[in-house]
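Enquirer: Which chain is which? The protein sequence lines are A and B, in order.
Its first residue numbered 1, the first sequence is counted upward by one per residue in the working numbering.
Its first residue numbered 1, the second sequence is counted upward by one per residue in the working numbering.
Honestly, the hints are just simulated from the structure, not real lab data.
A few of these clues could be false.
Heads up, the list lumps identical chains together, so a pair's fine if it works in one copy or across two of them.
[Stated by the list, open to error] With a cut-off of at most 30 Å between alpha-carbon atoms, the simulated DSS-like pairs for lysine-lysine come out as follows: (1) K46 x K90; (2) K90 x K24; (3) K24 x K124; (4) K24 x K97; (5) K122 x K24; (6) K97 x K23; (7) K46 x K126; (8) K159 x K46; (9) K24 x K46; (10) K122 x K97; (11) K159 x K126; (12) K90 x K23; (13) K159 x K23; (14) K54 x K159.
Number of protein chains: 2
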Amino acid sequence: MAEYIESLERLAEQFARLEGVGKKSAMRMAFSVLELERDDVESFAKALLDAKEKIHLCPICQNLTDREQCFVCEDPQRDRSTICVVSDPKTMLAMEKVREYRGVYHVLHGVISPMNGVTPDKLKIKELLARVGEGNVEEIIVATDPTVEGEATALYLAKLLRPLGVRVTRLAYGVPVGADLEYADEVTLCRALEGRRDV
Amino acid sequence: MAEYIESLERLAEQFARLEGVGKKSAMRMAFSVLELERDDVESFAKALLDAKEKIHLCPICQNLTDREQCFVCEDPQRDRSTICVVSDPKTMLAMEKVREYRGVYHVLHGVISPMNGVTPDKLKIKELLARVGEGNVEEIIVATDPTVEGEATALYLAKLLRPLGVRVTRLAYGVPVGADLEYADEVTLCRALEGRRDV
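With the sequences and hints as input, model every part of the structure.
Expert: What follows is the structure, encoded as C-alpha cells:
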C-alpha cells in the first residue's frame, strides 16, 4: 500500500506497533485520523508526547504516575502496613476498582519466567525488600496472576519475605485459575481479597 | 480512571475517538505507547500530524493523496475513458488490489442516504459531472456497495449520466449482496468487474 498514500501508510505502521493492533485495524485507524479536525489531531499528537514524557515510575511502589508519587502512595489515608504486590499497573487499577482495599501496592513489572528470560533480578523485588526493610510492614498480599508463573513468583517472594517477619498472603482462589487478573470482575476480586490465606 | 494517571487517561481518550476503538482497547493502546522508545513516540506524533497536514483530495478524482494528484490520476498509462465510481478511498484501494482494472476512479465520499442526511449535493457528484462534461469519457462503472443506499446511488447517477451519452454500468452481482466492498476478496471483485452490466 506504500506506493499509494505514503503518509497514510506511515501512520498505519505506527498504529500497528501497538499491542493487539493488526494491519487491517491499523489502516482503519489511520483513515479515521483523517476524519478528525486538525486541532484534534494536534491534541492527539500532544497527548502521545505528554504521556511518554510525564509518566514515570513512582519511587515508592513502582507504579506508573505523572506526579511525584502515585495516587495511592500520596494518599495519607492508606494503610502502609499492608502491601499488595501486583505484576503490572493494569492489575493494580483492577484492584483499586474494588474499593475494598485500603493498603498500598508494589508493582513488580512482570512475573518470574525463566523460559522468557525473566529472572527475579529483572523485577522490582529489590525495591520491595527495601520497603519491608524500613519496618512497619505487617503483611504482603501477593496478587500475581493465578498461573504457573504467578504462583512461582508468589512462592519465591514468600521465601524471601517470611524470614523478615512479615505475614505473606495470597489472594483466595476466588479468581478462576488460569485467568488474567486484569479482566476479573469486581465481585470476584472482592471475594478473593476477603478469603486471602497464608502462603 | 482520570484521577489515577491523568496523562495516560487523556491519551486513551484520544485513541477512543477513532472508529471502532472501544474504551478497553484504547486503554490497552495507551499503556502500549509507554512501552515504546521515546524516539518511536516522537515518530508516531509526527506521523499523525504529517498525515493530517499532507493528505488532501486529488483535484481530479477526489481520492485521498499526499501528492499533487493521486497515484492513479498521475499515471499516464491509465485509461481515462473509463471511470470507476466508488463511495470511499478504502473501496478504491480494494479495487486496485485486483490489478485488473486499468481505468481511473472517482470517489463520491459517501452514498445517498436521506435517512442519515446524505443528500446528493453532499457527495462529489458535481465533480464527476464536470469530468464527464469535458468529453472523452465512454463508460462509468458504478462500484458502490450492493446495499439499498449503494443501489439507489447507482440509479441516481445512471439517470444523470445517461443523457450525457456515456455508458453507465454496475459491478456484476459476484459480490455478495449486503456486504461491504472493502472486505470483498480479490477473486470476487475480479469476477464482479468482468461481469459488469448496464444499469
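Enquirer: Each of the hints needs a verdict: does it hold here or not?
Expert: Hints, verified against the model:
1. For a Cα distance limit of 30 Å, the shortest separation of K46 from K90 qualifies both inside one copy, at 23 Å, and across copies, at 28 Å.
2. Within a single copy, K90 and K24 get their C-alpha atoms as close as 26 Å, and across copies as close as 11 Å, so both meet the 30 Å cut-off.
3. Only between protomers do K24 and K124 lie at most 30 Å apart by alpha-carbon distance; the minimum there is 26 Å, versus 36 Å within a single protomer.
4. Taking the shortest Cα distances, K24 and K97 sit within 30 Å of each other only across copies (14 Å), while inside one copy they are farther apart (33 Å).
5. Taking the shortest alpha-carbon separations for K122 and K24, only the inter-copy value of 28 Å comes in at or below 30 Å, while the best intra-copy value is 34 Å.
6. Proximity of K97 and K23 under a CA criterion of 30 Å is satisfied inter-copy only: 16 Å between copies versus 33 Å inside one chain copy.
7. Taking the shortest alpha-carbon separations for K46 and K126, neither the intra-copy value of 35 Å nor the inter-copy value of 38 Å comes in at or below 30 Å.
8. In this assembly of identical chains, K159 and K46 lie within 30 Å of each other by CA distance neither inside one copy nor across copies; the values are 45 Å within and 48 Å between.
9. Taking identical chains as interchangeable, the C-alpha atoms of K24 and K46 lie at most 30 Å apart whether they share a chain (25 Å) or sit on different chains (21 Å).
10. Taking CA atoms no more than 30 Å apart as the test, K122 paired with K97 passes inside one copy only; the shortest distance there is 28 Å, against 46 Å between copies.
11. In this assembly of identical chains, the alpha carbons of K159 and K126 lie at most 30 Å apart only when taken from the same copy (14 Å versus 76 Å across copies).
12. For the homomeric pair K90 and K23, the shortest alpha-carbon distances inside one copy (25 Å) and between copies (14 Å) are both at most 30 Å.
13. Taking identical chains as interchangeable, the C-alpha atoms of K159 and K23 are never at most 30 Å apart, the minima being 45 Å within one chain and 39 Å between chains.
14. In the homo-oligomer, the alpha carbons of K54 and K159 never lie at most 30 Å apart, since the shortest distance is 36 Å inside one protomer and 59 Å across protomers.
The structure is inconsistent with the numbered hints 7, 8, 13 and 14, although it conforms to all the rest.
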